[in-house]
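Asker: Chains A and B are the protein sequences, given in the same order. Quick note on this note's numbering: the first sequence kicks off at 872 and runs consecutively. Quick note on this note's numbering: the second sequence kicks off at 872 and runs consecutively.
Everything labelled a hint here was simulated from the structure, so no lab data went into it. Warning: the hint list may mix true and false statements.
Remember, identical chains collapse to one label, so a pair may be satisfied in a single copy or spanning two.
Distance condition first, Cα-Cα at most 35 Å in a straight line; then the derived DSBU-like pairs of lysine-lysine [as the list claims (entries may be wrong)]: (1) K910 with K1029; (2) K993 with K918; (3) K919 with K1016; (4) K1144 with K1017; (5) K1109 with K1016; (6) K961 with K977; (7) K1029 with K948; (8) K1017 with K1109; (9) K924 with K1016; (10) K924 with K1048.
Number of protein chains: 2
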Amino acid sequence: MTRFGVPSILLFFAFLITPSSFAKDSLDPLPSWRSGAVKTSILEFVKKVTNPKGADFVPLADRVATFDNDGTLWQEKPLVQGVFMLERLKVLVANDPALMENETVKRATLEGLGFLEHVHGKELVELLNLTQTNLSQATFDSEGKKFLESARHPRWNKRYIDLTYKPMTELLGLLRKNGFKVYIVSGAGVDFMRLIPNTVYGLSPNEFIGSSFVKEMRASGGHSDFWILPQIRSANDKAEKVINIDLHVGKRPVFAAGNVGGGGDVGMLTYSKERQGASLQLLVNHDDATREFSYAETNDISLAAAKKFGFLVISMKDDWRNIFGEDRPPAVREHRKVPAAN
Amino acid sequence: MTRFGVPSILLFFAFLITPSSFAKDSLDPLPSWRSGAVKTSILEFVKKVTNPKGADFVPLADRVATFDNDGTLWQEKPLVQGVFMLERLKVLVANDPALMENETVKRATLEGLGFLEHVHGKELVELLNLTQTNLSQATFDSEGKKFLESARHPRWNKRYIDLTYKPMTELLGLLRKNGFKVYIVSGAGVDFMRLIPNTVYGLSPNEFIGSSFVKEMRASGGHSDFWILPQIRSANDKAEKVINIDLHVGKRPVFAAGNVGGGGDVGMLTYSKERQGASLQLLVNHDDATREFSYAETNDISLAAAKKFGFLVISMKDDWRNIFGEDRPPAVREHRKVPAAN
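Sequences are here, hints too, so could you generate the full structure?
Answerer: Have a look at this one:
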């Protein structure tokens, strides 16, 4: 007899016959989230849209979720593709010091990461063109991969790809387990994001929607490859995110998540909110200077939209127990059904 | 005892215990194809890329198939979206007879379907802008749906959506059953193709890659909808098909199919052919004036490319037993294993 008064042989059988789905469901799918209104709302939302008998049921084919990446799924101070740009710039300047005669190149080189804090759109395009175009796809991919596999964040001395928000990757898992097709919809380049190792988000290349350059196919010696031209095809931010979701997905997202940062996700979240039928929108608020960062937007555009349209605001400070996986999830006691003796 | 000398009760049990997959596998997956080199090559290709022990195995995540639509999956004389354009034009002209002062409108109106045989790119864009833009998405969708559900081909008096090639829809089914993700990559508009009833090809909106117009989101009264602007964003033909496959899929197709028509698929088929690892390309040749049409290209561009790169050419006349489902598949004798008496 065990100390619970049940013969251990029965417990053994209980283990054998417990369907594995039951065992899994009894675990908290979001252990890095603190209990509270936000976590409860997410769990209840997923439950109601997947309940075929409920009024808010969403058929499998319509379960589309779209997530911003920078500042929503991983940290954005500094912007990861911006760091890649600066790293490429260093190499280019070392090979061709005359580049320093260009004012933007000079400032970016001298200021380093700080430059990314105040870079303007025009300067960004200039430096992206210089560092990430006029290349074959193979060269871009190989340089980007090397960068992502090694570059580390100066504050945590961790690789950028290891600085994803644990609560959010848990959420991606929960949604996928419930039949959602998850897309990342980011202002970053689609080609850059596709180089993030599959182990980070578990997405396929077709599930990334991002900014893009004009490309052309070039062939030589029976082999063909894309050539990336210094011309932007789509700058996937604000209204353009909505246009690209329509082009790539063709359905309004049932679930959408963005962050307070540049107001870039308000359009996507509103697009989701105005879908016919159930929907949920999350907005990550960076209010945790201790564990991550604390920053706001001019005029609080995103927070004002959240209030107006009813997006759920996530306080990193209050709603997330664990940000980068620094804590282990609490031990979870599994409750197993014990069959009645017969 | 049956005439085969097996007790019928045993046959009955054999039926019960035969796994359904066995019963299905024993059926010809391509009954509308005539036996021959093309059919054999397709079946052997699917077998080898799905055999995990073979040298040509393609992992599930890489099983991408891309199909042109007009002339590859359904008939293209006349082009279905072209007929929609002419139907919309009739309505516009009836409402505003002054439109007939426009030379292109006048010719299209007077010539009818014949106009589509010799329309130039510039005229096409002019009439597409006139008939399929400056509309809300809701209006476009509703008009397009009505058209597709009712419009009939003058020769067969069948709806266009019922004039898909049976051998090709069987092939889509075979590929999907073997884990392929199938995309339709067409010069037609992505918004138009998404209105094809799901029962026709069984694809989701995200599995259509097509031409597109510039759109913007317009909101009124708490409701938002896209507005289609008279400006082409992407003309998904020739080289642009390859660029869009990269943008939407991010992988070279293992399987690609196009047709002899305007040379529009050579780029896509070559892109597939040059992938590292196993791949198969099909080119539908319209050589059956009796059951469909017989037409060729200037300089036989596509057939020349097929010869050069090794695409498999489908002769509609010889390789397809059944084009539009006019014949029933032949009775297939199912061979069932009979369990040994014990």
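Asker: Hints broken by the structure, by number, lowest first?
Answerer: 2
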